[in-house]
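Kindly generate the complete structure, drawing on both the sequences and the hints.
Each step along the sequence shown adds one to the number in the numbering used here, with nothing skipped, and position 570 is 570.
Derived by calculation from the structure, the hints in this document are not laboratory data. Keep in mind the model is a prediction, meaning the values are calculated, not measured. Hints may contain errors.
Claimed, not checked - Capping the alpha-carbon separation at 30 Å, the derived lysine-lysine pairs in DSS-like fashion look like this: (1) K313 to K370; (2) K234 to K607; (3) K115 to K135; (4) K115 to K85.
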Amino acid sequence: MTRLYSFYQFRVRFISALFFICSIAILGKMLYVQSFQAADLRQKTIDAGFTERSVRGSRGNISDRNGQILAETVKTYTFWVNTQKDVDRNAIATLFSTTFNQPLDIYQNLLSKRKKYIPLTKALNRTQCLPILEKLKETKGLQCDVSANRYYPFHNLASQVIGYVDRDHKGQFGIERQFDPLLNGKTSNLIFNRSANGTLRKAIIDQHPTAENGADIQLTIDANIQTILLDALKQGMKRSGALTANGVILNPFTGDILAMASVPDFDPNAYGKYDVSTFANRTISDSYEPGSTFKLISMTAALESGVFTSEDKFFCENGEYQILPSKIIHDHEPHGDLSLSDIFIYSSNIGLAKMVDQMGAQHIYDYARKFGFGIRTGVPLPSEASGVLREFNEWTRLSGPFVSIGQEISINTLQLAVAYSAAANGGYLPNARIIKNISGNGYEERDYSPKPVRKVMTRETSGILLSMMEDVVNHGTANKARIPGFRIGGKTGTAEKFVNGAYSKREFISSFAAVFPIDNPKYVCVISVDSPKYGYHWGNETAAPIVKEIFERLIINNKEFIPVTPKEMPQFAHTTISQQIAPMLATADVVQMQNNLVPNFLGKTLKQTIQEAKDLGLIINPVGTSGRVVWQSVSPGQLVDGALACTIKLESI
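Laid out in structure tokens, this is it:
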């Protein structure tokens, strides 16, 4: 044995030494880990049992001036199962069949498949799936995914003003883009407990200690007025065959934008289905030559200069004026002597050109700048065009006369509405407002109260301009905007489009700027129609009827508008029946004459009114479609002679 031990002695000692060294190394490593790496390894062990997820605060709401929600973030719920795991198929099928009133076998067939993911519903709101949510925890195998989606309950309404939120939760276009940082909620982290197989359990610790919802934005838009504007634009564009149309309605005293729309438009709930051109808010992004609607600014410059009065006369050359050897200015109709008021009423280009030559082109430039043309209004919406008003040192001999009639200058629709608001409110250029209020957690309050930009005319000049605008509707180029019994003023514009470096003879921008009611202005409405069919291209044919439709619906919706007697209504329309038929008593046709008198329609339905009018050959123009007659433009007892028309207003009583 000694000999055997001697033979293996070296190997035994080597193995013993090796075992000792390895033991020392292992013990040393254990000591090192326990002493120096304990904290790090302990944290890794904790982290393995938890996971951290980002939690975003809810995006703020956008509402109209009356609190009507126009954009909101809603939670949606999608239910699904993994049938490769333990699932209570009968309970799930029964629950969904009962909740959605669907045949039981539909869900039984779905659940009979063996798949990791079987969706049972698409995204549902909480109200739709409340019974399922209440039994979610106790239903074995039923899973639910919750997501937050932007929802626009009025769909296309004010879509270009509001914009939309894309798949990356970024605001695009409109208010959603302009105020994206404010609307977006602050992000926080939420910690979940994770089981050994990786399944997330309920969140622990503080749910979201720093997550904050975004600010809520209240607009000056009135959803009801916005609906009226949008409907009228769509109908007007359809009638005229135009490419696009846009319009804006302002409160002339506060500058509040009550409605702002352009068509074609889009539904922000499904923005991917629409051409990107429909996203543009053309009331501010498109600039164009205004044509005759700009003559209000020229008239303001003339009246404020102290050089002219509204009664000063100019010879209008019978429709053709050679201002330069190579340039002739034309009027739509030939005129001789016209007063300054008549130049505006009948839209004489020649009269304005002569007025500018006497006054000086500098005045036109100064007042164009004073009214804010060539400068953005500053409304907090993206992509506003400033328009073009060249510096005065770049003007030529023709610039003064041409700018005065709305050429050699480009504007956007909102700029024109702001300018007409100054004439309506007594002379102050208002600051266009789209934001009424912003509120929210951590938001620093700002003052959004109305503030005028500057005074641009005296109250006397404002009164003269309003009178001129009313005459334009009653006697001039905007008769298709007239509503009997209500005082409306405005100015039409028909401007040749500048296409391929020249003025087109077939493509036009047709527009109408209006104030209502003229004696106590509450609304300024400007409509612009791009490229209506030739023949419909005049402002009076395309834009003025749109404004008329808008004002008619505003009259129906607002009982404070009381009809007044039109200036031009014949006096005998106000006499009594007995006074009108007295001269007829000596004739043999008394009964026939009495049967041809306008009846009293008050309190009758539209159907009854139309039937009575039909028997008399009387034309009825209804304002409203339901309710009973509360007003008629032609007084009862007037003789029906020829094609007499009577406008009636219907209201629910």
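Here's how the hints hold up against the structure:
1. K313 to K370: Distance ~26 Å between K313 and K370 Cα, so the pair holds.
2. K234 to K607: holds, 27 Å
3. K115 to K135: Given pair K115, K135 holds - Cα atoms ~23 Å apart, limit 30 Å.
4. K115 to K85: holds, 9 Å
In summary, the structure agrees with every hint in the numbered list given earlier.
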